[in-house]
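Undergrad: Just so you know, the sequences run in chain order Y and W. Quick note on numbering: the first sequence equals residues 4 to 421 in my numbering. Quick note on numbering: the second sequence equals residues 190 to 564 in my numbering.
Among these hints, one or two may not hold up.
[Claimed, not checked] Once the Cα atoms are required to be at most 30 Å apart in a straight line, the calculated DSS-like pairs of lysine-lysine come out as:
(1) K234/W to K220/W
(2) K297/W to K219/Y
(3) K297/W to K400/Y
(4) K87/Y to K234/W
It is worth saying that the hints were derived from the structure and are not from the lab.
Below, each chain spelled out in residue letters.
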Amino acid sequence: MTTGRLGEPTTRDSGAGAAASAPWVREALHDHDHDDHPSDASRDAAGPDDASPAGSRRQLPLADREQQVLDRIDRARSRRPKIKEERITMSHGAGGKATQTLIEAVFLEAFRNPLLEPLEDAARLHVNGSRVALTTDSYVVSPLFFPGGNIGDLAVNGTVNDLSVAGAVPLYLSAGFILEEGFPVADLNRIVASMKSAAAAAGVQVVTGDTKVVEKGKADGCYINTAGVGIIEHGPILGVASARPGDAVLVSGPIGDHGVTIMLARGELDIEADVISDTAPLNGLVAGLLAAAPGVRALRDATRGGVATILNEIARAAGVCVVAREDDIPVRAEVRGASELLGIDPMYVACEGRVVVVVDGDQAGAALAALRAHPLGEQASVIGHIAADPQGIVLLKTAFGGTRIVDLLVGDPLPRIC
Amino acid sequence: MRFVDEFRDADKAHALAAKIAALCEPGRQYKLMEVCGGHTHTIYKHGLEDYLPESITLVHGPGCPVCVIPMGRVDDAMHLAAQPDVIMTSFGDMMRVPGSNGSFFDAKAAGTDIRMVYSPLDSLKIARQNPDKRVVFMAIGFETTAPSTAMTVLRASAQGLDNFSVFCNHVTIIPAIKAILDSPDLRLDGFLGPGHVSTVIGCRPYEFIAAEYGKPVVVAGFEPLDILQSVYMLMLQLAQGRSEVENQYTRVVPWDGNVVALQAIGEVMELRPYFEWRGLGFISHSALRMRPDYSAFDAELLFSVPGVRVADPKACQCGEVLKGVLKPWECKVFGTACTPETPIGTCMVSPEGACAAYYNYGRMSRQRVKEVTRS
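If we strip away everything but chain Y, and leave its shape as in the complex, we get (with noise of 0.2 Å):
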């Protein structure tokens, strides 16, 4: 690297293993010294100690090389994650891979069995004979009441329809309400009444509930808990495992519409436009579905992550690939246009009452008009299909007509700079 020259400031050196390094990268470092393999011929060749970095591995063409080099990494993402941080950072909260390797590494790993280990929106258990879906999601939006909806709303339906996608027929719903002190009664009873609205409108009651008062600071005004159990009647077992190539991979609507409203609604960008929230329960418009295509493999309701998310859920879960094409896959004006503005990509902006669909190739047509037959499916759009290879991998033919991955989201959206 760098020699330091005369009058410079003096050098500290954080080279591996050195004290200045945070741990993580000394951990990583280790890890990546000591997974390597006999047989990879390029690292041999170039030995441990190559200064020279293109320089000794000439013996293999380029794009071998590249793919060796892929193949490393590929072995180095399929490694059980581990916690590198020492505190949860938001990255933990947002959906990508951060969230992943949390919950993989944290709560999988200690409450470990099989009804969790598919780690579906919904678990499915067997009561008595009948199949049961049980499922929890806790809600913390902020600002509270946005266009389009409320966190009243926003918990019934988000819950709503994580049973929905698990196949199951909706049917009680619990409230769990922490409030912090100083919240005004007129916002609660707005965020109440919103609830009754949705948990009629998808025919499900609030049966149990729980209230607890946090002192002022402690909390963000409200936040909402909310657990759901439903039958699950008939048909197939459903989950992103099952996908294969050959399918066909659906969405029910335009993607992205309530990220983009709450982005817009904390009012810190100064961007207008005119969109609103897409929440919505979604049990009726599934329960179509599934009758007019018994052939559907998975369903998930595209919330944190987006889209994008959830299609490398159903490429990793299955062993499959994913090719999706971006021309086919609906976004508003509106948000296309605040997402360029903004520097993240509408793939990974959650939405709140739209379900993505692996459905047998065959059935295809039949899953799509039964989605345009409900009001909430009038824009689905079949947007790509399952591939055998490259396993694991989401490919995205670009409108552009390049080709490229879409990988798990890293962090939080951030906006680039320039």
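Let chain Y serve as the given structure and place chain W on it in line with the hints.
TA: Okay, now just chain W, sitting in the frame of chain Y:
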């Protein structure tokens, strides 16, 4: 969508690709550097390389503001953030850049008051709202963002704010390009000039590249067709044996730049004698600091800053990647020890960093893409 879709038209791209292919001399290899990280991002995000013949390689350059910040400066910023009553404000891209003791995100999680802003003016607002706090803005970027920092300081000065300061890390693009041209590691055939920097500095500063080094320069826009057309313009110059500065991004870049913006920078900032760039080392007159007239807003003078130079982890090859000597995947720790979740080098942090762009969008060889898309 207007002003976007027309610059992403696949039919026009196919037509341009055919014209580019026709300009390639058989047996000749072309290496073109896109100086700006924004271009790198566009190239990978839209899969633009699929349109280029095998003989054209796009080499990713140093124009990623976050990537070139050396570790010591990150440590300095973390030190500033940890001072009593300080609110550190920063662009989002900077939040995950690792110093030797973690990143802004890590410090924020541990309780340090670090806030993400979209504009330096947001920092000013925070300063007004928190008169009992000292608000520091972590200023990074090339000539693209320097004017907004300068305007913010001018406004703070006009408003008589005494609790706002800037930790100035602004750098200038020309010395970095010159360092690359003088580097023996690399043979380049031409440059895609940085579009946004050029909106401020114009096209004239690149004339020495064409005149003294004999390399063509085309200042390029950021939509995929902009880049493809700029590659065509470079290839045409090479085919005709010309080396000139041309402006593809005429809808935004005036030939003489933005005089008002340049005046604002000149009013508030001056060149540093030298500045360390990550991977490129110390480069003379390559960065900006606050002028003495504005020392009241200079965080480096208001606070004591350690200013210790910290070498990158030895395994990290960001320097070679920034100079275009290595492709991201050729770095030894790429994708294994260094990933977007736990970046070791800066190139893996910013979406404009070559490593992050390649890891997130392009992690597949062009040959493999062809095999898959054919089937």
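Undergrad: Any hints from earlier that this structure breaks? Give me their numbers in increasing order, please.
TA: 3
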